[in-house]
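4 protein chains.
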Amino acid sequence: MKLEDIVEMHGKMAVALEIIEGCKEFSALIPEVRTNLVYASPDAVTRKDVLAIDGRITVVDGMPRSAGRPKFGASSHMARLIIEIRKVDPSIRAGMDFANDPRLTKWLEDYCKSKGWIFSMIDRRNEPEDIKEAEGASMPWKVKAAIDAAGGRVPKVFYETGAVGKEPVSVLIGRDPIVVAEQVCEIARLYNEKR
Amino acid sequence: MKLEDIVEMHGKMAVALEIIEGCKEFSALIPEVRTNLVYASPDAVTRKDVLAIDGRITVVDGMPRSAGRPKFGASSHMARLIIEIRKVDPSIRAGMDFANDPRLTKWLEDYCKSKGWIFSMIDRRNEPEDIKEAEGASMPWKVKAAIDAAGGRVPKVFYETGAVGKEPVSVLIGRDPIVVAEQVCEIARLYNEKR
Amino acid sequence: MKLEDIVEMHGKMAVALEIIEGCKEFSALIPEVRTNLVYASPDAVTRKDVLAIDGRITVVDGMPRSAGRPKFGASSHMARLIIEIRKVDPSIRAGMDFANDPRLTKWLEDYCKSKGWIFSMIDRRNEPEDIKEAEGASMPWKVKAAIDAAGGRVPKVFYETGAVGKEPVSVLIGRDPIVVAEQVCEIARLYNEKR
Amino acid sequence: MKLEDIVEMHGKMAVALEIIEGCKEFSALIPEVRTNLVYASPDAVTRKDVLAIDGRITVVDGMPRSAGRPKFGASSHMARLIIEIRKVDPSIRAGMDFANDPRLTKWLEDYCKSKGWIFSMIDRRNEPEDIKEAEGASMPWKVKAAIDAAGGRVPKVFYETGAVGKEPVSVLIGRDPIVVAEQVCEIARLYNEKR
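Protein chains in written order, with this note's numbering: chain G, 1 to 195; chain S, 1 to 195; chain E, 1 to 195; chain X, 1 to 195.
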């Protein structure tokens, strides 16, 4: 990786993290599995090319707080997700996951409509058994399912239903972590007002 | 709460946390939902009487790391679990949860046998729908299920199967967090050697 | 050291740290060299027997914040100070240093009078050159100077003037870190009001 | 400030901090007053335009560790120093201070010679009393003294002798914090070998 890319990536992650850690309302959207914010290098191939928060983002003293620092290779799940999405749309470089529940899903769908964003859904109960068991096969299936459910387009926001052993989560993707952090925090603030 | 109890509780949590944060092998047993270590006051009635790690324990730089400090009221799930168990056996004041998978379950069952510990299991798929939906009804059901499955005795270790939206976890309980931390870390080291 | 002493010491340090980190006014009394809070074991002989904050206490986001955790052996200067004082009065087990300036010194002297506390002063410019240069000779000289200046009694509070290369600081000592933290924070709050 | 400058500055500080926190030998060069790494924006006028480590860099577990995060306005002393230097040479945007003692000073002078770097010295005992007492007059005096002592050129490295109440420190300056961090860490490693 080029030093200037590393610098630009760390800089955007630092600014994005400041946005997230300053958004009290986001605490309510941090799932049990916590959340991560990931940022892929322009030519990312493996998770080592993806910057992510070491130890993820959790809630401390009622506020979102990163457990460790941004670090290349610190994420597995979200890093593989963004790499898989980039095979279809390489302009996507960042993503973040957050909590879901049936009420948020409904609200989120309407919110996406109002923004002109493509919203999609992955029903993990439909995941074939042979794919669940084959090492590394789940992620391509999931991304394909999200795109298929959106009529072949890459969604801006999608949610995964829970499955046995799996918490339901939402994912928002975008071109850089600052934009993603701002969008997720706007969702957190608006959803909090509605409640 | 009396100051001497608060001091004794914070002291034991600090020593226990040092044990956990120094046990590299435990990183492999931290579930997606992270782990918490809880310690109930002698007369604990609500979660506010239970000391727990704010933000739970996660993995940073490959090592277990508490996100925040020990704080009364910082845990919901594990705090309610220990309070429920104490209705049956008040000598139990501390507990910790950790990851589970089918291979660990089998090994853990044998390990408990070798230690003379009661091991139990909660199959969350058996949880009645009306209990799942009633606020606060799940925990009493779970604790009762764990004790029933152990022939009416409070188990030392039990595991909960995954359910839709729920990650499977193991729980080890004991009289204080130092003992609990030492026992969980011994499990982590021995299980790591077997692999 | 006995486990029960270690537990009691860690417990008192945790409670004391919570008091300090919650006292915004104390930020203004943290010197350039930062502050430390130390707690000697009942039979402390070397700095390894003294619990102290690893990395000391500094100011982050405008609030006092411990850089690391309480750890035996983490302090050199303050640990040796408390060990030296304990040769004269073994009931003293804890101490904390904080900033000084001429205005605070005057106020502090009056405050000590109002509390009935012995206040003393060490003029480091009087330290003989041979003592400055002999390894380990400074601390006994300083403690003797503080006691001599108080007419042979161990002072509750004393300040050290600055010297070449040395920032002036105040020190408050007591039997345990909770008491010391409460007294230092009261000083910080009252002094802040006067300004 | 433009977002792209903020991003670039945060990115370079993150990379520089990783270098420093990974350099064990630098722990031995952290002074009692701790160290700070500062980075001025291209048009910095006040300390609010200077990114610095909130709470400075201290030693935790034997390694250099930033107390807080990089933050605009977090430094006073080092920020004003870099702003003053930039009045003479605006290409300088970053700087870092570290411990000094007579042996290091001698070694450092030779090291600078070998690198072709200008080395200078500020004898704070020469600071006129009226300047010491006038608010904000010390820093211009110090920077002028360092440049004068180097024959009118801006030095790469300079040290300040101690004075009453002031610890002696060294300062290294450069165009960006990554370069500064690398140079200071090389000094720390080479000086450590010599001992």
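I should point out that these hints are in silico values taken from the structure, not numbers from a laboratory. Misleading hints may appear alongside valid ones.
One copy or two, it doesn't matter: identical chains are merged, so the pair holds either way.
Claimed, not checked - Simulated crosslink set (DSS-like; lysine-lysine; CA at most 27 Å straight-line):
#	residue 1	residue 2
1	K48	K24
2	K2	K194
3	K24	K2
4	K166	K115
5	K144	K87
6	K115	K48
7	K194	K132
8	K194	K156
9	K166	K2
10	K71	K156
11	K132	K2
We went through each hint and held it up to the structure:
Taking CA atoms no more than 27 Å apart as the test, K48 paired with K24 passes between copies only; the shortest distance there is 22 Å, against 30 Å inside one copy. In this assembly of identical chains, the alpha carbons of K2 and K194 never lie at most 27 Å apart, being 44 Å within a copy and 34 Å across copies at closest. With identical chains, the CA atoms of K24 and K2 are at most 27 Å apart between copies only, with a shortest distance of 26 Å across copies and 35 Å within one. When the C-alpha separation of K166 and K115 is checked against a cutoff of 27 Å, the pair qualifies neither within a copy, at 29 Å, nor between copies, at 32 Å.
With identical chains, the CA atoms of K144 and K87 are at most 27 Å apart within one copy only, with a shortest distance of 11 Å there and 49 Å across copies. Within a single copy, K115 and K48 get their C-alpha atoms no closer than 33 Å, and across copies no closer than 36 Å, so neither meets the 27 Å cut-off. Taking CA atoms no more than 27 Å apart as the test, K194 paired with K132 passes between copies only; the shortest distance there is 26 Å, against 37 Å inside one copy. Taking the closest pair of Cα atoms, K194 and K156 come within 27 Å of each other only inside a single copy of the chain (22 Å); across copies the shortest separation is 44 Å, beyond that limit.
When the C-alpha separation of K166 and K2 is checked against a cutoff of 27 Å, the pair qualifies neither within a copy, at 37 Å, nor between copies, at 41 Å. Within a single copy, K71 and K156 get their C-alpha atoms as close as 25 Å, which meets the 27 Å cut-off; across copies the closest is 31 Å, which misses it. Proximity of K132 to K2 under the C-alpha cut-off of 27 Å is found in neither arrangement, the shortest distances being 36 Å within a copy and 47 Å between copies.
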